[in-house]
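Trainee: Sequences and hints are given; from them, build the entire structure.
Just so you know, the sequences run in chain order G and P. The first sequence begins at 1 in the UniProt record's numbering and counts up one residue at a time. The second sequence begins at 1 in the UniProt record's numbering and counts up one residue at a time.
Source of the hints: derived by calculation from the structure; they are not laboratory data. One or more of the hints may lead you astray.
To be verified - Some residues of chain G that are not near chain P, with every Cβ distance over 12 Å (derived):
#1 P134
#2 S140
#3 E146
#4 K150
#5 V423
Said to hold, decoys possible - Some but not every residue of chain P turned toward chain G, in silico, with C-beta under 10 Å:
#6 R107
#7 R136
#8 E144
#9 T148
#10 G151
#11 M157
#12 N176
#13 L185
#14 H186
#15 Y187
#16 S189
#17 G191
#18 I227
#19 S248
#20 D249
#21 F325
Don't be surprised by glycine CBs; every beta carbon is placed ideally from N, CA and C.
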Amino acid sequence: MASSCLSKSKNFIYNLKFKLYLLNRTSAVTNPLFHPHLRHTISSPSSSPVRKHASYSRVNGFDRWFEPAFVGRRSHSTTSVSSDVSQLPVEPPSQQVLDFPGGKVKFTQKLIFTSNSTEERVHCYRVLDDNGQPFTDAESLEISKELAVKMYTNMVTLELMDTIFYESQRQGRISFYATTTGEEAINIASAAALNDNDFVFPQYREPGVLLWRGFSLQEFANQLFGNKYEYGKGRQMPVHYGSRKHNYITVASTVATQIPHAVGAAYSLKMEKQDSCVITYFGDGGTSTADFHAAMNFAAVMEVPVIFFCRNNGWAISTPVHEQFRSDGVVVKGKAYGVPSIRIDGNDALAIYNAVHEARKMAIKEQTPVLIEALTYRAGHHTTSDDSTRYRSIDEIEKWRGDQNPIKRFRKWIESRGWWNAVAESEYRGSVRKQVAQAIQVAERIEKPPVADMFSDVYDAPPRNLNEQEVFVRKTVKKHRQDYPSDVPL
Amino acid sequence: MASIFQGVGAATSLSSSTSIETKKFHFCSRRSPSERKACFVVVRSGGVMVDGGLNRIGGRAEQLVTNAVAAKADTPAAATASKPGHELLLFEALREGLEEEMERDARVCVMGEDVGHYGGSYKVTRGLAQKYGDLRVLDTPIAENSFTGMGIGAAMMGLRPIIEGMNMGFLLLAFNQISNNCGMLHYTSGGQFKIPVVIRGPGGVGRQLGAEHSQRLESYFQSIPGIQMVACSTPYNAKGLMKAAIRSDNPVILFEHVLLYNLKERIPDEEYVLNLEEAEMVRPGEHVTILTYSRMRYHVMQAAKTLVNKGYDPEVIDIRSLKPFDLYTIGNSIKKTHRVLIVEECMRTGGIGASLTAAITENFHDYLDAPIVCLSSQDVPTPYAGTLEEWTVVQPPQIVAAVEQLCR
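Mentor: Structure below.
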């Protein structure tokens, strides 16, 4: 087998390889050493999936015909085995390269560890400078006045909505609220770059995406007050919006559980080759969870069209990023999982718009996940249950609410284009304030969902034990009517 | 170990001669799969047809054939020279059910560890990846929380995934997704998003699999609102429950047992779907109601042989539906016998038996002549040593003794 001039170690390696080759030939698919993935990497790239027929229809994105029978993502015929044979070298392998499972690697004789950090951090993509002026060499799409103004006005609406709803919690009118202060550009600009039929799996700081898609102030207020018109039927906390018709999945309080959901949703899109993608949002804190890592890994292995949008706003309640991870932020984790990634200025609406637009194209055309890390700042408190001045300085907060404020920067840009001015600003703000206040007043007066809604939708139809429990609750409430809230109808 | 297998062998021959088999209806002759779609029936145990009965959750079984009668002679294609139907092992029955559903509905897909080319650790998905492709039968990396989450996300978008846990114990990692998202999202979204997933896998005490791989997850999951739980025990009910679970719009957890995969039984050729919320009458009797499920059914049936020899007439019910309980069947039985023995594999604390005891006490207290006896495993991690492992699980002699005690 081996020539006598090979050193012992190389001889061993060669023998091993030859034995592997023999095993490859003799044992078929079931040999665990030769998982099809291995054959895939050492032979030619996989063929495209076989499709039986391409007919499907979509109604509202949720009623779809699915591809029957065979849908594959890689070739697993055994012909790849024989092609391996022809690729096997006839002379002893090179000293520098070996074919390990997973691909060829070069050897080195230097005992060098990769450092825990690079000298320079990954660069951050930006289009507008601190004064809202575009850099001359900025790679950016041209956006129309209409789109720009729509983006700006939505950001203003979001800001005002946040302020007034937050105040209403402070006044005791609603029980809870979480603002998006400082992240308005992320909310609106990312939504603007997506299509309405791209599914959104939010964390809880992205109501702007719903706003962009046409969720009305009244609908927001209804959810906050948990009245009978809200789509969640009063079952969830405030800001846990969800709207099927807007392709926005209901917010769950659990951190980062939506990330694997998004991958599963992208998987369903891949089964169908739809011209849409999935986007999921999460914060810097969310990237520590197991769900984030496994989902990133899955998405890469399965090659599904999902955009992972990380709002790195510096804080996870009171935990600053330095105590959350020691990597160079979140963007470097993409590389670890084999996911193309980019770091962007999260307070620059144009940068966000461009990045998401491009990511979407990439995700759909190449059927790949994409990771976007948007650097921004959580200028508000975590929620109404938090007072962030207890763990960070007011100066820091003020600084980010100042010139770095995404709304201010974008305003400078559209004003410099002559698309906006101070008069329009004050008019618009006045009008929105009125609308939000009105929405609150109306929502407050609407009655709550009935007791029956406490028991419906647990299953598709209530089982006997739930029916019994409902009867019991009704009896109790009827008997002690004065001890129960008067605005919940029986 | 030998005694267990003896019990298993005896039980299958016993079950094939019980009233269930003889009362099965033959109503659909062999037709092509597309025609067959329209012709199947919900078979209630004991052979009685149900029409929107009291204990069914919504119209789960479609197209109830109410005018079918036992018509073996009428269907020439069904009757062969030997007994009708075909014989297979439990894991093959699961696969058959799974395959039929995948054929019927292109939205059904499978995900789990080693389910694809490897065919599944217990061979339940063998051959499916080759037939349907490795996207529809998806091999996942080792992250139960995440692939369960993935299944939930896919389900919200319209797919009907079957999520396999290689061992039920691994699903503890997925508890967050199962409880918080699977069980809750339909409710918290106001009914906007449904989660028609099936989460299945083998659980229970096996043959020296060690403590971590011998868990009874039905104990832990039973409290989660929004999910349904069923446990299969024979090839017949395995296939029927698998199909029913896939067709259900609720998230269903299907508990299989590691030691029951090689049970052999003759099942009908015709398509059939069982009712998820129904219990199975294994052996009608008069003296005592024995409630059990999964592997313990076989220990009970073995004990039943001894009991019959001693002159007792136990009624054995395989409860099958762990959440919700089929209190209709159970109640009728208690009203007849007035004595209840529960035989389970769960641990004493917080198991299915504990909940069942509470449910029976609450609902049927007046009909009981004696306190409910519940035989369970001890509250210990399952030891590896074979003899000790055998002792943690309820054995037929204990069941016999308990019945004798109850019926004094």
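Trainee: A separate judgement is required for each hint: does it hold in the structure or not?
Mentor: Each hint tested on the structure:
With 12 Å as the threshold on Cβ separation, the claim that P134 of chain G sits away from chain P holds: the shortest Cβ distance comes to roughly 37 Å. For S140 of chain G, the condition that its CB be more than 12 Å from all CB atoms of chain P holds, with the nearest at approximately 32 Å. At roughly 31 Å, the least C-beta separation between E146 of chain G and chain P is larger than 12 Å, which holds for a residue marked as non-interface. With a cut of 12 Å on Cβ distances, K150 of chain G stays outside the contact zone with chain P, its closest approach being about 27 Å.
For V423 of chain G, the condition that its CB be more than 12 Å from all CB atoms of chain P holds, with the nearest at approximately 41 Å. Annotation: interface hint on R107 of chain P holds; nearest CB of chain G at approximately 5 Å, less than 10 Å. A distance limit of 10 Å between C-beta atoms decides the matter here; for R136 of chain P the minimum to chain G is near 5 Å, and the interface restraint holds. Taking 10 Å as the C-beta contact cut-off toward chain G, the hint placing E144 of chain P at the interface holds, the least distance being around 9 Å.
Hint status for T148 of chain P: holds, given a least beta-carbon distance of 8 Å to chain G, under 10 Å. The interface hint given for G151 of chain P holds, since its Cβ lies 6 Å from the closest Cβ of chain G, which is under the 10 Å cut-off. For M157 of chain P, the shortest C-beta to C-beta distance to chain G is roughly 4 Å, which falls under 10 Å, so the interface hint holds. Satisfaction of the interface hint for N176 of chain P is found here, the shortest Cβ-Cβ separation to chain G being roughly 6 Å, below the 10 Å cut-off.
Using the Cβ-Cβ criterion of 10 Å, the hint placing L185 of chain P at the interface with chain G is satisfied: the shortest such distance is roughly 6 Å. For H186 of chain P, the suggested interface contact is upheld, since its CB lies about 6 Å from the closest CB of chain G, less than 10 Å. Among the interface hints, the one on Y187 of chain P holds; its C-beta lies about 5 Å from the nearest C-beta in chain G, closer than the 10 Å criterion. Taking 10 Å as the C-beta contact cut-off toward chain G, the hint placing S189 of chain P at the interface holds, the least distance being around 4 Å.
Taking 10 Å as the C-beta contact cut-off toward chain G, the hint placing G191 of chain P at the interface holds, the least distance being around 4 Å. A distance limit of 10 Å between C-beta atoms decides the matter here; for I227 of chain P the minimum to chain G is near 9 Å, and the interface restraint holds. Taking 10 Å as the C-beta cut-off, the interface hint given for S248 of chain P holds, the closest approach to chain G being about 8 Å. Proximity of D249 of chain P to chain G holds as hinted, the smallest CB-CB distance being about 4 Å (cut-off 10 Å).
For F325 of chain P, the interface hint holds, the least distance from its beta-carbon to any beta-carbon of chain G being 8 Å, beneath 10 Å.
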